[in-house]
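Chains as they are written, first to last, in our numbering: chain R, 9 to 460; chain E, 9 to 460.
Which copy is meant is left open, so a pair is good if it fits within one copy or across any two.
The calculated lysine-lysine pairs, modelled on DSBU-like cross-linking and capped at a C-alpha distance of 35 Å, are: (1) Lys-29 - Lys-163; (2) Lys-98 - Lys-203; (3) Lys-94 - Lys-76; (4) Lys-134 - Lys-194; (5) Lys-134 - Lys-78; (6) Lys-12 - Lys-203; (7) Lys-229 - Lys-257; (8) Lys-194 - Lys-78; (9) Lys-94 - Lys-12; (10) Lys-343 - Lys-194.
No lab work stands behind these hints, which were simulated from the structure alone.
The primary structure of each chain is shown beneath.
Protein chains: 2
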Amino acid sequence: MANKPRVVIIGGGFGGLQAAKELANEAVEVALIDRKNHHTFQPLLYQVATAVLSPGEIASPIRRILHKYKNVQVILGEAVGFDLEKSSVKMFDGSEIPFDYLIVAAGARHSYFGNDQWEADAPGLKTIEDAVEIRRRVLLAFELAEREAYLTGVKPHLSFAVIGGGPTGVEMAGAIAGIARRALAKDFNLIDTTKALVMLFEGSDRILNTFAPELSEIAKKDLEDLGVEVYLNNFVTAVEEGRIKVGEKWINCDVAVWATGVAASPLGKMLGAETDRAGRVFVNNDLTIPNHKNIFVIGDMVSLKQEDGKPVPGVAPAAIQMAENAAENILRDLKNEARKDFKYFDKGSMATIGRNKAIVELGRFKLTGFIAWLAWLFVHVISLIGFKNRLYVLSEWFWAYVTRERSARLITGDAEEMRETPKLSEAQPGILTPVAAPEKVKRTVKKKAVSE
Amino acid sequence: MANKPRVVIIGGGFGGLQAAKELANEAVEVALIDRKNHHTFQPLLYQVATAVLSPGEIASPIRRILHKYKNVQVILGEAVGFDLEKSSVKMFDGSEIPFDYLIVAAGARHSYFGNDQWEADAPGLKTIEDAVEIRRRVLLAFELAEREAYLTGVKPHLSFAVIGGGPTGVEMAGAIAGIARRALAKDFNLIDTTKALVMLFEGSDRILNTFAPELSEIAKKDLEDLGVEVYLNNFVTAVEEGRIKVGEKWINCDVAVWATGVAASPLGKMLGAETDRAGRVFVNNDLTIPNHKNIFVIGDMVSLKQEDGKPVPGVAPAAIQMAENAAENILRDLKNEARKDFKYFDKGSMATIGRNKAIVELGRFKLTGFIAWLAWLFVHVISLIGFKNRLYVLSEWFWAYVTRERSARLITGDAEEMRETPKLSEAQPGILTPVAAPEKVKRTVKKKAVSE
Numbered sequence: 009m010a011n012k013p014r015v016v017i018i019g020g021g022f023g024g025l026q027a028a029k030e031l032a033n034e035a036v037e038v039a040l041i042d043r044k045n046h047h048t049f050q051p052l053l054y055q056v057a058t059a060v061l062s063p064g065e066i067a068s069p070i071r072r073i074l075h076k077y078k079n080v081q082v083i084l085g086e087a088v089g090f091d092l093e094k095s096s097v098k099m100f101d102g103s104e105i106p107f108d109y110l111i112v113a114a115g116a117r118h119s120y121f122g123n124d125q126w127e128a129d130a131p132g133l134k135t136i137e138d139a140v141e142i143r144r145r146v147l148l149a150f151e152l153a154e155r156e157a158y159l160t161g162v163k164p165h166l167s168f169a170v171i172g173g174g175p176t177g178v179e180m181a182g183a184i185a186g187i188a189r190r191a192l193a194k195d196f197n198l199i200d201t202t203k204a205l206v207m208l209f210e211g212s213d214r215i216l217n218t219f220a221p222e223l224s225e226i227a228k229k230d231l232e233d234l235g236v237e238v239y240l241n242n243f244v245t246a247v248e249e250g251r252i253k254v255g256e257k258w259i260n261c262d263v264a265v266w267a268t269g270v271a272a273s274p275l276g277k278m279l280g281a282e283t284d285r286a287g288r289v290f291v292n293n294d295l296t297i298p299n300h301k302n303i304f305v306i307g308d309m310v311s312l313k314q315e316d317g318k319p320v321p322g323v324a325p326a327a328i329q330m331a332e333n334a335a336e337n338i339l340r341d342l343k344n345e346a347r348k349d350f351k352y353f354d355k356g357s358m359a360t361i362g363r364n365k366a367i368v369e370l371g372r373f374k375l376t377g378f379i380a381w382l383a384w385l386f387v388h389v390i391s392l393i394g395f396k397n398r399l400y401v402l403s404e405w406f407w408a409y410v411t412r413e414r415s416a417r418l419i420t421g422d423a424e425e426m427r428e429t430p431k432l433s434e435a436q437p438g439i440l441t442p443v444a445a446p447e448k449v450k451r452t453v454k455k456k457a458v459s460e
Numbered sequence: 009m010a011n012k013p014r015v016v017i018i019g020g021g022f023g024g025l026q027a028a029k030e031l032a033n034e035a036v037e038v039a040l041i042d043r044k045n046h047h048t049f050q051p052l053l054y055q056v057a058t059a060v061l062s063p064g065e066i067a068s069p070i071r072r073i074l075h076k077y078k079n080v081q082v083i084l085g086e087a088v089g090f091d092l093e094k095s096s097v098k099m100f101d102g103s104e105i106p107f108d109y110l111i112v113a114a115g116a117r118h119s120y121f122g123n124d125q126w127e128a129d130a131p132g133l134k135t136i137e138d139a140v141e142i143r144r145r146v147l148l149a150f151e152l153a154e155r156e157a158y159l160t161g162v163k164p165h166l167s168f169a170v171i172g173g174g175p176t177g178v179e180m181a182g183a184i185a186g187i188a189r190r191a192l193a194k195d196f197n198l199i200d201t202t203k204a205l206v207m208l209f210e211g212s213d214r215i216l217n218t219f220a221p222e223l224s225e226i227a228k229k230d231l232e233d234l235g236v237e238v239y240l241n242n243f244v245t246a247v248e249e250g251r252i253k254v255g256e257k258w259i260n261c262d263v264a265v266w267a268t269g270v271a272a273s274p275l276g277k278m279l280g281a282e283t284d285r286a287g288r289v290f291v292n293n294d295l296t297i298p299n300h301k302n303i304f305v306i307g308d309m310v311s312l313k314q315e316d317g318k319p320v321p322g323v324a325p326a327a328i329q330m331a332e333n334a335a336e337n338i339l340r341d342l343k344n345e346a347r348k349d350f351k352y353f354d355k356g357s358m359a360t361i362g363r364n365k366a367i368v369e370l371g372r373f374k375l376t377g378f379i380a381w382l383a384w385l386f387v388h389v390i391s392l393i394g395f396k397n398r399l400y401v402l403s404e405w406f407w408a409y410v411t412r413e414r415s416a417r418l419i420t421g422d423a424e425e426m427r428e429t430p431k432l433s434e435a436q437p438g439i440l441t442p443v444a445a446p447e448k449v450k451r452t453v454k455k456k457a458v459s460e
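Just chain R, with the same shape it has in the complex (with noise of 0.2 Å):
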């Protein structure tokens, strides 16, 4: 075996690939697992799915973004348990990897409270191919009223449901109006996209709701003004194709997307620690779990308090803050020196509204409009990793602005009414099951069927 203490970090997101690049050239030995070989850059998949973007856009391979550091390895897999006796970490194919260290940055997917059959009707955003598949289906529902406009003269009426007013919901709404609005409004000559209607339901009093309320109402406001219809106070309650229940009422979509709810990576559980209702994982200050000194947890799948009685955000800057906490920690017990306790420092809020507003909050300090967005455009570019990304994103950016263009308009896979969407199944995980057979369906004209 190695000389040099192992560390197993699983996933690569923007926690663990943190954790592997401080341990690179130190005197560990370090593998990160990925059941993915890439690393998405979760904040712009919004425009992946509004198709500004494309995906080799905002992903990196791993094992590129690693490949210079001689002591880390990178392992293509999926971690589905652990065996805690042995120290490893048990691996789908039946192998298992070893760890002197472990570092648990699986991340977090959206939750749908127990309603996992939901999923297939109201798709996430939190992959390359969820992106994928939400830009085929809102391309496609504009393709298909075209269609049918064809064939019989009809104009159908299209909506769609945005469910959750966190930023990933207010991005998506605002994209989806703008989309309609200008993009596409030229390219189909019979249907009138700019009538297409968007709909955003949000369960709490405000969207926005972890901002300041100033800022909320800003970019409510902001939202309409871009044609969104703002649901506050709507719980969504079932979801069916083509409908969602919002409190009693049924509401026809052509499309939804769910963006609201957190699930932390079923690992956490399996760690045997104590997690909260969303799975995620009580730690130490440290970062590690209790009874087990030498295993960390990091990011999204984290339930940890701050000094003021707020938890430590889900968010990037949190899941990095925690990874160079957790990667120091292992390397101060290397020199036999105490560990540091982590300390969350809140680097500020963003959200964009439509092509060219924001909100950006940094404690006191607030922006709107604007200047808001350049700040949040500066920002995320110069986060993005690789310099050839920066440079395609920056560049599909300022087309999109000039152009008004969509470029990334790809329909790939499925063209027809006929959706196969293959979902991972939490109880066995890593394997892909197909939904039942796909059925045809006929497109028919759906009346609006909101009443206020």
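Once you've looked at the hints, dock chain E against the given chain R.
Positioned in the frame of chain R, the structure of chain E alone reads:
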């Protein structure tokens, strides 16, 4: 109904697109039907399959290309047959589209010579989805080998098989060898990617046999310099997962790519016209089918002999020229002028070998080596649709050439060994049929079993 004659075009490839452009702003109403929303620049698909380019860089939404033309309607849908009595096209969803003139430009796929079941284990390269799937398998092969080396210490030998020595096969084989020798070599610590075996199997006595014999010979040498093993006079007689049968011998391979055979769209037969064994339609000199002076067939679906007795090849320039001729004949009809017979002008042929060599042939004019590759680069960039695509592709190539990187290296979708390959069933066009539930395939070390 419309006063102007209605021209329905089936297919948005090179032929269909050109026909639409020729009829744009003329005294006709045009409806272009395609089952995909994008036009794919097929000559560069092999670069998506080997992770040099991203799908969005070689595909353009048809609607966007034609949006300027007010008399051209783009319809997303699949044509599944015809009612020639009623002069209408039958669509997958049961609707019918009437026509006064019909141009069928639905292209061709590869042929498995009656063994369609081979497609799951030896996919072809005709669409973006094909290219992304092949890319996934190629990259996955390296990832799984690295994982095996990590877990067991054994370094598996990888082998790739390309079946068919035409331009597609030669380009794929050269590009896979290129990846293995250069771009991926630095990224994998444990396996030696340069030792990957790349085999090309050709049934005739020379590769690129539509070119002059001396060019075939030079191309073969160039391929061998790249490390490709070229097997001539070798027919593939069976394909299974993980191995192919060449003559009487089974040869193991991690990935197989099918690049031979022609199967024209089944729409040809459905027109009731006579076809050759590949389903290509015999057309009159004005490109119509017998007894239907208003029904044209163009492009790869056509079987037509030139004056010298040689068949018009299934290449993009031929499809484009046929489209121009068919469109012109329609316009001449409207002016009561005599129709024009089709005459193919051979604009030459090209094929690349690796990243800086090619062969070019135009009549007696021949080029090889780097100069030929520059010519190839020039022609293909100019032919790409869209300024932005040209700019991006040029910069991708520049980047790949200078840095030897392969930037478009995402594995999307199913990352574990299980493969789920939706197949377009020819019995029921338009229905994507998933293969049986994925089985988990444990990777075992494969021994090379070729005996010459």
